[in-house]
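Could you build all of it, start to finish, from the sequences and the hints given here?
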Amino acid sequence: MNIQWEVVIGLEIHAQLATKSKIFSGAATAYGAEPNTQACVISLGMPGVLPVLNEDAVRKAVIFGMAIEAEIAPYSVFARKNYFYPDLPKGYQISQFELPIVGNGHLDIEVDGETKRIGVTRAHLEEDAGKSLHENFHGATGIDLNRAGTPLLEIVSEPDMRSAKEAVAYMRKIHDLVRYLKICDGNMQEGSFRCDANVSVRPKGQVEFGTRAEIKNINSFKFVEKAINHEVERQIEVIENGGRVVQETRLYDSDKDETRSMRSKEEANDYRYFPDPDLLPVFVSDELKAEIKAALPELPEAKKRRFTTDYKLNDESATILTASRELAGFFENVVKISGCESAICANWITGDLSAALNRADLEITESPINAERFAGLVARIADDTISGKIGKQVFEFLWNGSESADEIIEAQGLRQITDTGAIEAIIDTILAANEKQAEQYRGGNEKMFGFFVGQVMKAMQGKGNPAEINKILKAKLA
Amino acid sequence: MHNKTITELAQSLRAKEFSSVELTQHFLNRVNQHADLNAFITVTEDLALQAAQLADARIASGNAELLTGIPMAHKDIFCTQDVKTTCGSKMLDNFVAPYNATIVEKLNTAGAVNLGKLNMDEFAMGSSNETSFYGAVKNPWNKNTVSGGSSGGSAAAVAAQLAVCTTGSDTGGSIRQPAAFCGITGIKPTYGRVSRFGMIAYASSLDQGGSMARSAEDCAILLQAMAGFDAKDSTSVDVSVPDYCADLNKPLAGLKIGLPIEFFTADLNADMAATLETAINEYKKLGAEIKEVSMPNLKYAIPAYYVIASAECSSNLSRFDGVRFGYRCENPADLNDLYTRSRGEAFGKEVKRRILMGTYALSAGYYDAYYLKAQQVRRLISDDFKNALNEVDVIFSPVTPTPAFNIGEKIANPIEMYLADIYTIAINLAGLPAMSIPAGFINGLPVGLQVIGNYFDEARLLNVAHAYQNATDWHKQSPSL
Chain A
5 MNIQWEVVIG LEIHAQLATK SKIFSGAATA YGAEPNTQAC VISLGMPGVL
55 PVLNEDAVRK AVIFGMAIEA EIAPYSVFAR KNYFYPDLPK GYQISQFELP
105 IVGNGHLDIE VDGETKRIGV TRAHLEEDAG KSLHENFHGA TGIDLNRAGT
155 PLLEIVSEPD MRSAKEAVAY MRKIHDLVRY LKICDGNMQE GSFRCDANVS
205 VRPKGQVEFG TRAEIKNINS FKFVEKAINH EVERQIEVIE NGGRVVQETR
255 LYDSDKDETR SMRSKEEAND YRYFPDPDLL PVFVSDELKA EIKAALPELP
305 EAKKRRFTTD YKLNDESATI LTASRELAGF FENVVKISGC ESAICANWIT
355 GDLSAALNRA DLEITESPIN AERFAGLVAR IADDTISGKI GKQVFEFLWN
405 GSESADEIIE AQGLRQITDT GAIEAIIDTI LAANEKQAEQ YRGGNEKMFG
455 FFVGQVMKAM QGKGNPAEIN KILKAKLA
Chain B
9 MHNKTITELA QSLRAKEFSS VELTQHFLNR VNQHADLNAF ITVTEDLALQ
59 AAQLADARIA SGNAELLTGI PMAHKDIFCT QDVKTTCGSK MLDNFVAPYN
109 ATIVEKLNTA GAVNLGKLNM DEFAMGSSNE TSFYGAVKNP WNKNTVSGGS
159 SGGSAAAVAA QLAVCTTGSD TGGSIRQPAA FCGITGIKPT YGRVSRFGMI
209 AYASSLDQGG SMARSAEDCA ILLQAMAGFD AKDSTSVDVS VPDYCADLNK
259 PLAGLKIGLP IEFFTADLNA DMAATLETAI NEYKKLGAEI KEVSMPNLKY
309 AIPAYYVIAS AECSSNLSRF DGVRFGYRCE NPADLNDLYT RSRGEAFGKE
359 VKRRILMGTY ALSAGYYDAY YLKAQQVRRL ISDDFKNALN EVDVIFSPVT
409 PTPAFNIGEK IANPIEMYLA DIYTIAINLA GLPAMSIPAG FINGLPVGLQ
459 VIGNYFDEAR LLNVAHAYQN ATDWHKQSPS L
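If you read the protein sequences in the order shown, they are chains A and B. Each residue of the first sequence is one higher than the one before, starting from 5 at the first, in our numbering. Each residue of the second sequence is one higher than the one before, starting from 9 at the first, in our numbering.
Since the hints were derived computationally from the structure, they do not count as laboratory data. Please note that the accuracy of each hint is not assured.
[Stated by the list, open to error] Among chain A residues calculated to face chain B with C-beta under 8 Å, some are: (1) Val-45; (2) Met-50; (3) Leu-54; (4) Asn-86; (5) Phe-88; (6) Lys-94; (7) Tyr-96; (8) Ile-147.
[To be verified] Partial pick of chain B residues on the chain A-facing surface, computed with a CB cut under 7 Å: (9) Ile-208; (10) Arg-332; (11) Ser-371.
Keep in mind that this is a model prediction, so the values were computed, not measured. In this text, a Cβ means the ideal position worked out from N, Cα and C, and glycines have one as well.
Below, the structure written as structure tokens:
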């Protein structure tokens, strides 16, 4: 067989909304607390308790909707999704079904230099379940309901992706966006951001979709790619061997790098959705929408565009600097305070500072060097007070101490020597002490020039202005 | 002491004719003497006497409220911290809530003395109190007959004067029907008037707490302390609560009373029709005008109700799974066994029947035909009431087709039992307030008159009931025990 297969992928991403309290109660949402210490009577689903909607969760959903240019439903409804599971305390999950809060939107991804628009079908609010703990209970199961009731935004894409690579690009884009908007901390290890993938294959050119399988609960970008690729291979193999793909839910096992069947369509729960009579419909007023819109930060795309035009940054720098609002803000502050060329500011931030932050595993907000002190460094490099090389030394002092760049330069005597008289004097001494090497240079051994530069720099403890040194050396060796 | 109204008792307590401790002890003695009525599931004697002591101190200090020191009791559907809350079910026979229902909290704050928890149909599903895990409540007027349900314990306790007043809940008639059977006064307020927080849910969109007592005035006083917006209940409504006692004595001249032609038909039991006619004539004497109204969709109320209530209950009762609280079967083999046996062993027949009906009604492929259709019918019924209430101030109807039936008479026939609520169910679908007031007797058994009003018009209902009670003494009759 020589059929060309086309892959069709849609993602359902669950982003945990970064609210202080749960979506329907005042219990805290902090991660890592002792089991069941953040489970109030509502989290426990005690008889008689009632849910009260957390407005902040609604606000964060609306922020997301606006960022993907989606329709914000003026009227959305919470519904109950009924099924039994020990870590689902009420026997139903409060979710949204027919009327989600966020409607049609879209997002552009870039793969191999090409931009592609991915549709977002909807995003709806729902509560998370608790956790079943199977270890250390000697044949029994422990239930931790700290997570029960944590607000989630389920973001459902159109089946617009045609490769695992595109799916990863989309997932990353959403991941960047929710963190950028500060509506989700994006922590995948803690489960704050996870995804289910709907995967099918069809012969290229066929209009109808193939039968899809849903791969559940994938919690890393690497696994999304692997799980999808694996599932695609499996489906193609099934079809090429004369079989048929069955609609089912599959689980990705990252240890074995395979997906395996969880339940078929026939075994699927009938969730018996119906509007939750304990909750009123959610009305998002025009005033609220206007208020949220006004407070909406400049979005990454727009910011990147502005950085390339206003600051004349190249695409790569602009992408890095706009990946987070804080980093972008840091950059803009450094430019403003230092009054320097944006290119040199960008280079030092994306270079030495980013590397140091990475090594120390720190966010820009936790940087030991604030924008003001950093601007001091860049300014001295830009005005030739110090060379780039000395700049690296000053950076170390800035990182480990609290003085300003000027104080460090002064105290350490790092000021660059541009006084031609002083440079000449040193060059003369060096040439006198190395006559043989000077002869070799004059005889055509160009490499010797580097030797002299090194000797001069060494004698000047690195503080000599390299351009001046070059100029004078050239003249004297002529 | 037990013949006095709340206002009279409050005066006596302030005049130190007797203390709240003495009054409470008197009622506790009556509760024990008449334990055969099976009105109480739990009697909290020690807590009641402690509360009475505090009430006495508060009365002495001069900052008491009308209900301070008044012995009352809660339907066992309201969660009470540190006191067992069973909801009439084996499922919750061991359940002690770690919190108080909002209305329990409010009444505690008012200084009311809670004597204990009252018997009820299991999870409020029933019209005779026979579905209770703790057995049927006997009607104080005739111990062979049912008290009605689901607030059967609440009604019997007031009728037998085991408590001055009681709380109840009403999903399809559960306050009004037992009030009628036991010859007392009960009010189901507008949906959203009284917080549902801590009231164990049967059908969330229909459930509403209310007050039961021997008179409209006492119902007004108790409701006053229960009503009001609660931030913990998203369906409670933020409408200010008027002084329910202020308008009790307003004259009824010019009051427009509507009689639905669909309810006053030839099918209506002749004795019932005659009793109601007498009551209506009394209202004419008080200056009211009578008008016929038509509500053509009322005939769909029972099927619509049983679809909606069952659907909601099938979901509401899912939390009783043997995992976190309540009954758990012995030695479950696995998770499925834990679920099926815990629920199978602890839920009674009627509860299981409604869970099954509700599960079916919500199932994929049936939702539109049942649940959605029932919600549409519900809207039509609400519209019928709205239209009628544009023409009249209040609507009168029977509360029940007959007086109390015998224990065991209908329990084997669910449909016949469901029809016992034919006059009350539509009001819950519409969310309107309604009362049951004693209006006479048939063969020695009390009969009630139902007064239905507009949204948040409880004050008018209480006024209409109070005026009648000033003119008649049906509500003052007590059973000889």
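key: Residue hint Arg-332 of chain B, partner chain A, criterion CB-CB below 7 Å   = Check passed: Cβ of Arg-332 of chain B comes within 6 Å of chain A, closer than 7 Å.
Minimum beta-carbon distance criterion (8 Å), Phe-88 of chain A to chain B = 6 Å, holds
key: Interface restraint verdict for Ser-371 of chain B against chain A (beta-carbon cut-off 7 Å)   = 6 Å, holds
query = Does the nearest C-beta of chain B fall within a distance shorter than 8 Å of the C-beta of Met-50 of chain A?
reply = Constraint on Met-50 of chain A satisfied, holds at 7 Å.
query = Do the numbers back the hint for Tyr-96 of chain A, that is, is its least Cβ distance to chain B under 8 Å?
reply = 5 Å, holds
ask   = Does Leu-54 of chain A pass the interface hint, meaning its C-beta sits closer than 8 Å to a C-beta of chain B?
value = For Leu-54 of chain A, the interface hint holds, since the closest Cβ of chain B sits about 5 Å away, which is under 8 Å.
message = So, as I understand it, the hint says Lys-94 of chain A touches chain B; can you test that by seeing if any CB pair is closer than 8 Å?
response = 5 Å, holds
query = If you take the shortest Cβ to Cβ gap from Asn-86 of chain A to chain B, is it below 8 Å?
reply = 5 Å, holds
query = Does Ile-208 of chain B meet its interface restraint, that is, does its C-beta lie within less than 7 Å of any C-beta in chain A?
reply = Holds, because the Cβ-Cβ distance from Ile-208 of chain B to chain A comes to roughly 4 Å (cut-off 7 Å).
inquiry  = Min Cβ distance, Val-45 of chain A to chain B: is it shorter than 8 Å?
reply    = 6 Å, holds
key: Closest C-beta approach of Ile-147 of chain A to chain B relative to 8 Å, hint status   = 7 Å, holds
Checked against the numbered hints given earlier, this structure breaks none of them.
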